[in-house]
Each structure stands twice: as C-alpha cells, then as structure tokens.
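Chains as they are written, first to last, in this note's numbering: chain A, 206 to 677; chain B, 380 to 885.
Wrong hints could be hidden among the right ones.
[Unchecked claim] Taking lysine-lysine and the DSS-like style, the derived pairs with C-alpha atoms no more than 30 Å apart in a straight line are: (1) B:K745 with B:K812; (2) B:K538 with A:K563; (3) A:K563 with A:K356; (4) B:K538 with A:K569; (5) B:K674 with B:K812; (6) B:K674 with B:K538; (7) A:K573 with B:K484; (8) B:K484 with B:K821; (9) B:K745 with B:K674; (10) A:K366 with A:K563; (11) A:K573 with B:K538; (12) B:K674 with B:K821; (13) A:K356 with A:K234; (14) A:K573 with A:K563; (15) A:K569 with B:K484.
To be clear, the hints were calculated from the coordinates, so they are not data collected in a lab.
Predicted model only: the values in this text are computed from it and were never measured.
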Amino acid sequence: MTNDLMLLMPLIIVGAGAILLMIASTYDKFTHELAAYGSAGVFAVAFLVQLSSCIAGNVAPFSEVFNGILVVSNFSKAAGLIILACGCFTALSSQTYFRRNNFCSPEYYSLTAFAAAGMLLLTMAQELISVFIALEIMSLAIYILVGYDRKNVISTEAVLKYLMLGAFAGAFFVMGSALVYGAAGSTKFVKIGQYLAANGMLHSPVMIGGAFFIMVAFLFKAAAFPFHAWVVDVYDGASVPVTGYMATALKTAIFAVFANFLVIDGALQHKWITFLFYISVLTMFVGNLIAIGQQSLKRMLAASGIVHSGYLLIALVAVGTKDFTGSVIAFYLAAYAASTLGIFTALSYLGGTGEARKTFDDFKGLAKARPYSAAAISIFLLSMAGIPPTAGFMGKFYIITSAIDAGQITLAVLGIVSSIISMWYYLRLIIAMYFHEASEQFDEPAPSSLAPVCTFILVLCVFAISLYPIAV
Amino acid sequence: MFEHVLSVIIFLPILAGLILLATPASRSVARFTGLAVSLATLVLSLDLYAGFQATGHLEFVENIPWIESLGISYALGVDGISLFILMAGSVLLPLVYFVFGTREKGYYANLLLVQGAMAGAVCAADMILFYIFWEVMLLPVFFMLGLYGGPQRLPATLKITLYTIAGSLLMLAAIVYLGVSYHAQFGEWSFAMDKMAALNLTGRVAAVAFFGFMIAFAIKIPLFPFHTWLPDAYTEAPTATTFVLSAIMAKIGVYGVIRFVVPVFDLEFARFAILLAYAGVIGMMYCGLAAIAQKDFKRMLAFSSASHMGVIALGVFCMNIQALTGSIYQIVAHATSTGVLFLFAGILEERTNTRTIDDLGGIAAKAPVFALYFAIAMLASVGLPGTSGFIGEFMIVLGAIKFNTAVGVLAGTTLIIGVCYMLWMFQRVFFEKTASRSENFKELSLVEGLAFLPVILLIIVMGIYPHPFLSKITPSTALQFAQPASVVAQAPASNAQNLGLTIEQK
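Take the sequences, apply the hints, and build the full model.
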C-alpha cells in the first residue's frame, strides 16, 4: 500500500496543490502572480518526485496499483514527466502573458493543476471507468481555461464549440464502455484483452460497437481525422499559454491512454490496424492541407498539431504488443512537446497586448529586432519539421524505423511525404522572420523575464532530447 | 598526431560559427575568426593528408556508440574517396575570407557552419550521422541565400530548400529501410556504412529504396532532370554560397552515390547504370548548350558547373575502376577550377557592378594577372592537357568507352561544347574593345594574388604529375569493385551485354 502511494505521489501532489491553490485564491491577498509561482512550484516538486521514481524507484517496470485499476509503467512515468514539465512551463509563461493581458485570476493556475491531475490519472488508468473519470477531470478544467477570457467573443465561441463536441465525445465513451462491459463482463483492460483473446473480436456485435465508440472518443480528443474540425477554432480562441498546454500536455495524456488501451487489448489493435492506417494517413494530409492555407500563426500551429497526431498514429499502428515500452511514442511526445511548447512560450511574450500579433506578416523582420527569440522560434520550427540535429528529427526517425520494422513501409513513406509538405508552412515563418524587412519595431520590452528564460530552457531541451538514446 | 583529428576538423568550424552567431561580434572579428579557423582546419587536413596510408579502408577511425539499441554510433573515418573531397573543402574555403572582406557577421558564421557540416558528411561512417550532417549542411545555405542573395533570392531559396529536403527525406526512408533489412538479415541493428555492403537486397522495395537514395543524390549533384533549381540558386546566391555549392556540396552528392549506392545496391545499380549514364550525358549536353546561350556570366558558369557534374556523375555510373578514379580526380579538379572561377566571377561582379557579358570587355589589358589566373582556371575547367581537368576527363571518357561505346563517344564529343562557351565568354570579357564598365577595373591586390596562387599552382601540378594523388585514390576505388563473385554472377543481364565489362572484377 505504501508502495502504491509512493507511485501515485506526483498525482497526489498535483491534486492537493490544485485544491490548496483553489482555497488560497479566495483570499484577496493571494494575487494571480503568487498563484503562478505556487503552481509552478507544485509542478516542479511533482516533476522531481516523478523523476526520482523514474531513476531510483520501483525496479519492476510494470506495477499494478489499487488492484489493477491503475498501472504504473515506464511509459506512464515518461508521459507523466512530460505532462508535469509542460504544466510547469505553462504556469511560468502564463505569468508573463498575464502581465499584458489582464483577465487573469488566481483560479486559472488552480485549474491548470486540476487538468494536470486528470492527465496524470489518465496516463495510468487501466480501466474504463477510471479513464472516463480522469478524462472528465481533465476536460472540465480545460473547458474553463479555454473560455477564460470571458469578454472575448472568439474565445467564447471556442469554448462553446469545444464543450458541445467534447460532451458528445464523453457520451460516446460512456456508451462504448457500457457496451464493452456488456460483452466482456469487466471494465479492466486486461480482462477485456483476455476476453478478446479467447473469443475473438468479431464474435459479438456489442463488442465491435463498444470498441468503435471508445475509439471515436479517443480520436476526437487526439484531434485525428475525421474528428479534427474543432481543433483550429478552439486553439485559436484559447489564450496562448492555454493553447500551448492543450497542444502538448493534453495530447500526451490522450496518446498515453490510447496506447495503453490498444496495447493491452492486443487483439483489438490487430483488428483496428487497417482502420487506424487510413485514419493516420488522412489525419496527416488533411492537417497539412488545413495548415497550408492559414494566415494566423496560432491556427497554423493548431493544424500542424493535427499533422503530428497523424505521426503519432503511425507509431500506434506500428507499436508491437510484445513487451511494450512505448518508448517511441513517449520520445516523440517529448520532442513534440518541447518544440510546440517552446513556440507558444515565445508567443506569450512576443504576441503583444491582447495578442495583437497573430499572422505570419506580423512577425516579419523579427530576426533583426530580436535575434535570439527569432533563432529560438526557428529551432522549434525546424524541430517540428524534423530537421536534424533537433529532437523532432530523432522522434520522426524512431517512428519511421518502428513503422518500417513493423512492415508498414507505405505508411512510413506517406509520413515522409507529409513531412515534406509540412516544410512549406514551417519555412514560411522562418522566411518571414529572417528575409523580410521589419514593418514594426518589436521594441516593447518583455513584460517579465520568466517566459524568455523558459524559451531558452526549451531550446536546450530540444537539443538534449535528441541526444538521449532510447531502447526501441 | 592526436586521436580525434576528424572530430576537430568537423566541430571546430561549427563551434566557431555558433559562437559568432550567438555573440554580437563585429564583422572584422567575424572575418578574422573565420580566416583563423579555416586556416587551422587547413593545417589539420594537410596533416591528415600526410598521415594518410592509402590502404583503401577507412583510416583515422573514431567510433563512439550513441544509440546502442539501434546500433547507431558516432563513427568517423576517411578513405581515398572522402579524403579528397575533405581536402578540397579545406584548401578552397580559406580563399573566401581573403577575397571578400566586407560582408556581414552572419555571412562568415554561416560559412563556417557549412564547412564543418560538409566535413562531417564526408567523414561520417554511420548512415544516421551522415544524414544529420547532410541536412545540417543545407541550413547555412538556406540562410546565406535568403539573407545575402540577389534580388530574386526568395524563390531561389525556397526552390533549393524544398527540392533538397524532399530528396533527403526520401533518402531517410531508404536509410531506415537498409537498417531494418540489416536487422532482419543479420539479427542485429546497425547503421554502419561498411556493413551495408553485406546486405542481400532484392525485389521491388529494394528498387524503391535505390531510387530513394538516387533521387536525393541526383538533386544534390544535380543530375538531369533534377537540375532545375541550380541556375536560379547559383545565380542568386552570394558568391561564397555559389562557391560552396558548386565546389564542394555538389561533390558530396557524387560521394553519396559512390558510398551508398554502388556498394549496397550493386544489383539495382547494374540494372539502371545505363539509364543513369545517359542521364549524365544528357545533362552534360543540355547544360552545356544552355551555357552557350547565357548572357549573364554567373549563370553561364552555373550551367557549366552542372554540365561538368554530369561528366563526374557519368564516371561513377560506368562501374569500372578507371572511370571511378577519374571521377574522384575530376571532383578535385572541378572543385579547384570551377570554385576559383566562381570566386573570380564574384570579384568581377563586385568591381564592375554587372553580370552581363556584353557590358564587359578588354579586362586583360587592365588586369593581366587576373586574366592569367582566370585563363588557367578556365582551361582546367575545359580539360586542356597539362591542367588538372584533362586527367580526370580522360579517365572518365576511357572508362565510359569501356562501359558502353555509345555513351563514351557521346561524352567525349560533348566535352567540346565546354570549350565553345568558355572561350567565347573569355574572348568577350577579357579581350575585344574596352567597355565603359570595365575601364577602371582594378587588378587583384597582392594579398589576393598570393592567396589564389597555391590553388592555381595546384591545378597545374595536378595536370602534370597526377601520380601522388592517384596512388591515394586507387586503393579505395579498387575496393569498391571487390564484390564477391556470386554477386556478379547474379547480375541481371538486361542492360549489360558484356557483363564482365559492367561489373569489373579486381
């Protein structure tokens, strides 16, 4: 039992921290800046605890907690690390962002921590009801965060859209769980897997329907085709730090649970592989088509998030059910999170009051005025595009290797074609920043040094992650 | 000699470049640093050259495991093929700092970065490491072209970048495919280049992987019909970038073919060699004819460079020792002659503010030394006996005739086109009546004259006494064809009527 609690410690710290922050924020003296430092501290402590349990902790790579409802594996630990790091950077860059945009209150940071608690639970959940609870803890907090700027029409539209569609996805998930429970007699992934292994997938229509509904819910949250349409508007409507948080931490959590679900039910993955193959290809290409046409940077990044979901789906298709470590997926998520969060962190201090700078054209000539910020953004973009020696390249390399190793050569080649296409819109921003004359001065000072420091740390992360060798 | 000399040659310029970019150094500091670092690299490479044993295998090997679960390592080494490309870079790049003294900091910093990355690509003995340097090589070119290029630089930048990245990403898939096949056939992961020759690749996927590599290298070389980015990029790029692109980077494309395609895909290569050889010859003719029609001398040199790259590529596709050795010799010869010509073109453009041939005339009277140097480099470029260009072209044509008479005859006769456009251009620019633009043309300064002198001497020495160079190249090229006899026996006879001539036995 003590061991169980130790493994859950990061989750407990973040959850307790969120509650404390919520209570503290009822006092007038507790400003939102204090809340920012407080939540960053909570995330940092939880990150260190998680890190220590990764390095020294449990020797067994795969341990059940609470009678198999939750499982702590190396994969869930890695995903937890990514989520906690994203939370910490988001809190710090939010502090800078809200120096310019004053719609913040201390509850914002409490909600960030609640969302992180839900995400952490999601990475460990091995049972459908816990997945649903975790999903809802996370989503409810995110809904509020998306609509935090209440007076902004776009933001309100975004939250309405996200809330309606998200509620549908949640309903699909519950419906699917009920059907699966009806067929397999259990909500635990392991039991479902055993049932499938014994009876086969196509034996019962209830099972097919249930699994289909659950897939729909996951694909919706993961922003995969054909459930991708909400992404661009919602990311655009949310404030910059929240968008960054959604694009990285939330995606990490969803892909973690998606991978756990597919891998434990080996038979399920096997049956859905063709389906996922097409979903992955379509996600990549539809995302690219959306991204090419965008004028707004945030919308482009949202669409590129769809494309990256497609790459992660490649990894899911290729993932082996035998001794699953998830290292490819975790590595790619880490690489993607570092570069995406980096761009959003940079935008949080470059965007100006009320996010005045939005489009590619607004960033023309940035390199002359702010060479270091422009260089950092270029590095993040190159990493997202998968150009060595950045982390994004290694992530893509691992994904292609695992795909070809699994015999999915077509998928690997299509993934490569998609990343050739994606070069266009990543290069476009670099070209705007470097090769055009500045139309404005960018001379207002950064409102606080936290976000620039975070950007710098993330640049280092982009290179450090690429050097970190993984076991495939 | 210390142990990690190759690493130093690679990372000294890269580190210096990064430091220059990250600090607010002035342009004279940047130029001085660049000069010092490139001269230091030159000294190290000369030392490397002196210590090179010409065993044919990789020498100065460094090997540090990196990602052990996939058998990827930080492995470096040079053999007779890579040594000469490395040397060409080290000898030629210091010239830029002598000749162009008033550029921005980023110009010199990017030049240092590209120098290090090119050295890395040539020395890498692991495919993943090679790929990383190969891609990194492009980034400084992208920035130099986009920041310091001519008026039409943006389309040119996008064209070269998208073209090259498309090619290299396909190559990445092919590299991964090789690694996975190695894992499947030998039960262990490895991306080491020398192990790939042991692979037994057949079937459709192998052919696709072959084209994955071939297209990437054909774009970089550039081989007909993938040359369309070249005229724009070469013309719009600042002189140093054109120089780097034509003198060294294009050669790394050829190097890639020799290193990956010839040993690994021997069967596919034998099957498609005739097609590729014709692509080389057609590129040679087409670009040569296009060069005659150009009015802009930089653009003319761009087409001329593309035409010569066709010859060099042809030497690789002929699949015999003579042609391959000739190719490598010609790589150095072409790097020195065309590289110097592009630098001279840069000087001409800087001092007369025009690139149009018709605006110039009578420069020989104003600047005799410049005209002499230009003439020597130009004659080497067209392959006059007594200059370095002759040896290489002769060996390539010899090998080509041995491979396929028609190809050989076409290649030999096409060389004459080069003489046409070069001499005609020389006549119009350097002789005839003095044009107003070139009236006040300044002669090369003493520093410039002395800086170019070693390279000009090298062109002549290489033309008169090629033996010391050839003796270092031949062992490595001979090893390229030392395939087991069974492979030759299996080679499909679809293209090769005379199999013994197609894949030569050592």
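Is the hinted pair K563 (chain A) and K356 (chain A) satisfied, with a Cα-Cα distance of at most 30 Å? Roughly 19 Å separates the two Cα atoms, so the pair holds.
Hint consistency between K538 (chain B) and K569 (chain A) [alpha-carbon to alpha-carbon, up to 30 Å]: Answer holds: K538 (chain B) to K569 (chain A) is near 20 Å, not above 30 Å.
Decide if the proposed pair is consistent with the structure: K569 (chain A) and K484 (chain B), CA atoms, cutoff 30 Å inclusive. Given that 30 Å is the threshold and the Cα spacing comes to 21 Å, the pair holds.
Run the distance test for K356 (chain A) versus K234 (chain A): straight-line Cα separation, threshold 30 Å. holds, 25 Å
When you check the alpha-carbon spacing of K484 (chain B) and K821 (chain B), does it fall within 30 Å? holds, 26 Å
Can you confirm whether the C-alpha distance between K674 (chain B) and K812 (chain B) stays at or below 30 Å? At roughly 18 Å apart (the allowed maximum being 30 Å), K812 (chain B) and K674 (chain B) satisfy the hint.
Given the hint that K745 (chain B) pairs with K674 (chain B), does the C-alpha gap stay at or below 30 Å? Holds - the C-alpha atoms of K674 (chain B) and K745 (chain B) are around 22 Å apart, at most 30 Å.
Under the criterion that the straight-line Cα-Cα distance not exceed 30 Å, is the pair K674 (chain B), K538 (chain B) satisfied? Judged against 30 Å, a Cα distance of about 22 Å means the pair holds.
Holds or violated: K573 (chain A) with K538 (chain B), Cα cutoff 30 Å? Distance ~24 Å between K573 (chain A) and K538 (chain B) Cα, so the pair holds.
Would the pair K366 (chain A) and K563 (chain A) pass a check requiring their Cα atoms to be no farther apart than 30 Å? holds, 21 Å
Checking one constraint from the list: CA of K745 (chain B) to CA of K812 (chain B), max 30 Å. Satisfied? holds, 12 Å
Sort out whether K563 (chain A) lies within 30 Å of K538 (chain B), counting only the CA atoms. holds, 27 Å
In this structure, none of the earlier numbered hints is contradicted; all agree with it.
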